[in-house]
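Construct the complete structure from the given sequences, taking the supplied hints into account.
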Amino acid sequence: MKEEMKTPKIWSIYLLECSDGSFYAGITNNLEQRLITHNAGLGAKYTRGRTPVKLLEFKEVNSHSEALQQEYQLKKLPKSKKRSFFN
Numbered sequence: 001m002k003e004e005m006k007t008p009k010i011w012s013i014y015l016l017e018c019s020d021g022s023f024y025a026g027i028t029n030n031l032e033q034r035l036i037t038h039n040a041g042l043g044a045k046y047t048r049g050r051t052p053v054k055l056l057e058f059k060e061v062n063s064h065s066e067a068l069q070q071e072y073q074l075k076k077l078p079k080s081k082k083r084s085f086f087n
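Residue 51 in this note's numbering is what sits at position 51 of the sequence shown, and the numbering runs on without skipping anything.
Treat the hints with care, as some may be off.
As the list claims (entries may be wrong) - Label pairs and their calculated CB-CB ranges:
no.	residue 1	residue 2	range
1	N62	D20	29 to 35 Å
2	N30	F86	16 to 22 Å
3	S80	N30	17 to 23 Å
4	G49	Q69	17 to 23 Å
5	P78	L42	17 to 23 Å
None of these hints come from the bench; they were simulated from the model.
Nothing here was measured: the structure is a model prediction, and the numbers come from that model.
Here a beta-carbon is modelled for each residue, glycine too, at the ideal position from N, C-alpha and C.
Encoded structure:
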């Protein structure tokens with residue numbers, strides 16, 4: 001039997017601005033679908049009552065573990081420095 005070659009998933013770390021002006025950071029391997037989910041009120045508990053959300057920034061990484069580590073670093077930053085994380 002031939003082994004299928006797995007295509008590595010690209011993970012995104014993203015920053016949203018909620019309707020109340022607050023920021024939300026998350027990770028996903030399907031950014032377009034995740035934004036639809038957030039705006040439908042079906043995403044993270046934090047964003048459910050704060051729709052619509054707007055994508056401010058994102059960056060792609062090659063692994064889930066790297067995305068988790070960077071999300072953790074992003075969430076530790078004060079709001080004033082979150083956007084500069086992506087530069």
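Query raised in the report: Can the suggested window of 17 to 23 Å be confirmed for the beta-carbon pair S80 and N30?
Result: 29 Å, violated
Query raised in the report: Could one say that the CB atoms of G49 and Q69 fall in the range 17 to 23 Å?
Result: At 29 Å between Cβs, range violated.
Query raised in the report: Between N30 and F86, does the C-beta distance stay in 16 to 22 Å?
Result: Roughly 19 Å apart at Cβ, these two residues keep to the hinted range, so it holds.
Report task. Look at the Cβ atoms of P78 and L42 and judge whether their distance stays inside 17 to 23 Å. Result -> Violated - the Cβ-Cβ distance for P78 and L42, about 29 Å, lies outside 17 to 23 Å.
Report task. Indicate whether the distance between the beta carbons of N62 and D20 respects the range 29 to 35 Å. Result -> Since N62 and D20 have Cβ atoms about 33 Å apart, the given range 29 to 35 Å holds.
Of the numbered hints given earlier, the model fails hints 3, 4 and 5; all others are met.
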